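Novice: Residue-level listing of the chains:
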Amino acid sequence: MSEGDGRRGEKAGAAKWYELFSRGARDWLRHDEKVREAVRANLPEIIAGADVINNGARTVRVPVRMLEHYHFRLRRSEESQGAGQGKAKPGDVFSDPSRQQGPGEKGSGGREEGEVQLLLEFKVDDIVDWLWEEMQLPNLKARIGPSEETDWVREGWDRHGARSRLDRRRSFKEMVKRRGNPGATPNFIDEDLRYRQLARRRQPAVHAVVFFMLDVSGSMSDRDRKLAKTFFFWVVQGLRREYRSLETVFVAHTTEAWEFNEPDFFKVSGSGGTVASTGLLKVREIIDARYNPGRSNIYLFYASDGDNSVSDAQDARTALSSIAADACFTGYVEVSSGLSRQLATETGKIFAELTDAGCAAGSYALNEFDDVWGAVRHFFTAESNAGEAARSGEPAPPAGSSP
Amino acid sequence: MSDDWQSYVRRMEEHAAASGLKFHPVDFEAVPDSFMMEIAVYGLPVRMPHWSFGVRYIYQLIQRHMGHSRLFEVVFPGNPGHAYLAESNGLAENILVTAHVLGHADFSHNNLLFRRCQEQVSERIVEHAANHARQIQAAIETHGAQRVEATLDAALALEQHVDIDQQLRRQRYPEYAEDPKVLADDSFRRRFAALEPAAASAGLEVRKRAPVPPHPERDLLWFVANYAPEMESWERDIFLAVREESFYFYPVFATQIMNEGWASYWHARLLREADFVPQQAYLDAIKCHSDVVRPVAAEQQVSLSINPYHLGFAMWEKIVERDGLEKARHIMEQDDDFGFVRNYLTRELAEELDLFRYSARSDGQIKVLDAELTSLHEALLAPKYNFGAPSVSAAHVRNDGTLELLHDTTVDGRGLDLERSRKVLDYLQKVWRRPIILTTANQAGSTLELTAP
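These protein sequence lines map, in sequence, to chains A and B.
Take numbering that gives the first Met the number 0: the last position of the first sequence gets the number 402, and nothing is skipped along the way.
Take numbering that gives the first Met the number 0: the last position of the second sequence gets the number 452, and nothing is skipped along the way.
Next up, chain A with everything else stripped away, as it sits in the complex (with noise of 0.2 Å):
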């Protein structure tokens, strides 16, 4: 077969087409990419998952499957035969746990090939962008105006300037005007170059603080911590988005209050009783040490299970409206594990009241992680409701609770 001998020698040598780009990698990635749309298209879900956030990270890991492209295929049955090979007698049973279903997943997957978990990295602002999209929420709006700060940029042009502020594109533009003529050989006089000029303009600087305050009390359990990490997380999130300058303080409260940083804040446990007072007074007491109410925009997330001791409603009720009163908004979640009292609590009802009374507050139960998100769009909605009300001097529309 003289041909194949000839063809080969010919081909040796020159890289060879398929040396060039690999097309499974292609058709991989094209995969990859419906994955991240069908996890956007799902993304509440997917990301209240409790586990995902990754503390500091910018990046949030979600567990995805493969996607499968469907043919028709027949439902698995019971019992299937096949043939098989080896020293076996009729009547021998054996037991493969391969092929066992999980009780969760009915008859997907599973047995044909090894399943493989994927485990895709989102970038957070990528996400909270998807889902400002996707939810519709509206911007905050702020409540204190843009502090005036002073800042550098770019302005116009000069024939003066230094020489690494010269603006090439800008200079050959000038040139190519003052010439005219297409045939002539380019060259710059002084009268062409241009500098790019910095003027001193006033940047809006927009400062915010959040005080996230946690019931640690002995009824708060793991789970209800959990789902109120997750919820502030995000809410961080939504506000960052807004305020360049957002800084975040974490009051923990038993029967009483204490200041903590961040990764500490999540692990802390208490146990005893709950004065909500005790931590409100707290949050009142930063704020007039180290913020002016006419300079920052305040927010405040209080997470609880809502149980306060009755003796502390007029304690509790004084603080909140003090702190309403400053604050751009406040909120309540109620993470209540299951309990079907949704916000008939002692605190639920004090928070009911300031929204009564016209302050922007919302309140919202968290139950499940899948409501995370409920509580956040809940929660901007109203808080946007809220700050345009109070702007245009009217009374906010109740900011009702939850579902």
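Keep in mind that the hints were calculated from the coordinates and are not lab data.
Computed from a predicted structure; not experimentally measured.
Check before you lean on any hint, since a few could be wrong.
Ranges of calculated distance between the beta carbons of each label pair, as one might list FRET restraints [stated by the list, open to error]:
no., chain 1, residue 1, chain 2, residue 2, range
1, A, E367, B, E371, 50 to 56 Å
2, B, E351, A, R35, 50 to 56 Å
3, A, E367, B, E231, 45 to 51 Å
4, A, K86, B, R432, 54 to 60 Å
5, A, T380, B, I61, 42 to 48 Å
6, A, E32, B, S87, 27 to 33 Å
7, B, G387, A, K86, 28 to 34 Å
8, A, E367, B, H142, 41 to 47 Å
30 Å max Cα-Cα, derived DSS-like pairs, lysine-lysine [stated by the list, open to error]:
no., chain 1, residue 1, chain 2, residue 2
9, B, K422, B, K383
10, B, K383, A, K86
11, A, K88, B, K383
12, A, K33, B, K429
Virtual Cβ for every residue (Gly too), placed ideally from N, Cα, C.
Guided by the hints, dock chain B onto chain A, whose structure is given.
Specialist: Chain B only, in chain A's frame:
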């Protein structure tokens, strides 16, 4: 690795021809492992892009990293045939693989099913597939990746639903139904016609439009490409391209046991009878051979699947030993796996190979059943019926364009997986563009209709 093996190719070809193998010339090419893997994933050296191949690619990559699968060669029938050998093969492996490839070349040149499909598809499937890939690339540029992908989602989901008993370039159904009753030309007719010639002939003018399809149609790719009410021509082309590739894949699928067995039989025999292979290379090659044709389970173990190389090899050895080479060649030409297994997997051989039949329950319990030969044949062949797909056919197109699909639950014994079927209907609906109704059976066996949208 040097190119030493190439010097053996010519000698092996001569040796094979002298042993009675008849084949088209084969182009041998050593390629990197990465490319071997892609060929295994796509089934063809160059094929249309689709994300589902990406999924297979990753599975393949994982398997390779776990050391599970190793590919020595891939061969494509044709004139000339194309054989790709892995660059990582040693000399002995390549000598063995060359002989193996020639066995395949002999098979695909002489087996009737292969010949028929090659007559349809032409002997240049590799080039055709590359051409399809180019066309689809052009379609992506004109119509956008999303629309092309939606079409491919549907077409590739139906890739097993072809009717290879039909022509590849198949005519549309006749437009009109044939008149069922041909009027007898008797004396009465003649006198009647003489009475009023106009009336008599007018009756014959009335023709009835044939229903579409005139009979349940299982060639779904063809049917959709031809009768979808609002499909664009480039979409039809994609459906027909996928169909053509399915025509190529069918014989590979339906003769796997025979074909791999035949190639293994011949590589063993050619090597044994070759006087030009150095001793050491021969020993290495035979060791490699026994790895390839060994049962899935080692001795004293039990395996729930059967290595087709092993089964085919054992069957051909038996057949040649008992009936002679001429008879074996005859069988090779005439049969596919269905006939081959049913006719030549005898009780003695099944016992010798320790084959058994089992039933597996969904809780993972597996029970070995009695060694009844016919049932064993069927257990082996069951995954191969109808290109391995449920028998779904197009039953009717309503006046409003609604497509009625019918799943034959009596043939398949149970209904379709509903979740997957719904997804397939969703794919298909995007190109059919009118409602689709699929009739199948539910868990209890009663009729169930799925609809899209």
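Novice: Against this structure, judge whether each hint is valid.
Specialist: Evaluation of the provided hints:
| no. | hint | in the structure |
| --- | --- | --- |
| 1 | A:E367 / B:E371: 50 to 56 Å | holds (54 Å) |
| 2 | B:E351 / A:R35: 50 to 56 Å | holds (54 Å) |
| 3 | A:E367 / B:E231: 45 to 51 Å | holds (46 Å) |
| 4 | A:K86 / B:R432: 54 to 60 Å | holds (57 Å) |
| 5 | A:T380 / B:I61: 42 to 48 Å | holds (45 Å) |
| 6 | A:E32 / B:S87: 27 to 33 Å | holds (32 Å) |
| 7 | B:G387 / A:K86: 28 to 34 Å | holds (29 Å) |
| 8 | A:E367 / B:H142: 41 to 47 Å | holds (43 Å) |
| 9 | B:K422 / B:K383 | holds (23 Å) |
| 10 | B:K383 / A:K86 | holds (25 Å) |
| 11 | A:K88 / B:K383 | holds (26 Å) |
| 12 | A:K33 / B:K429 | holds (17 Å) |
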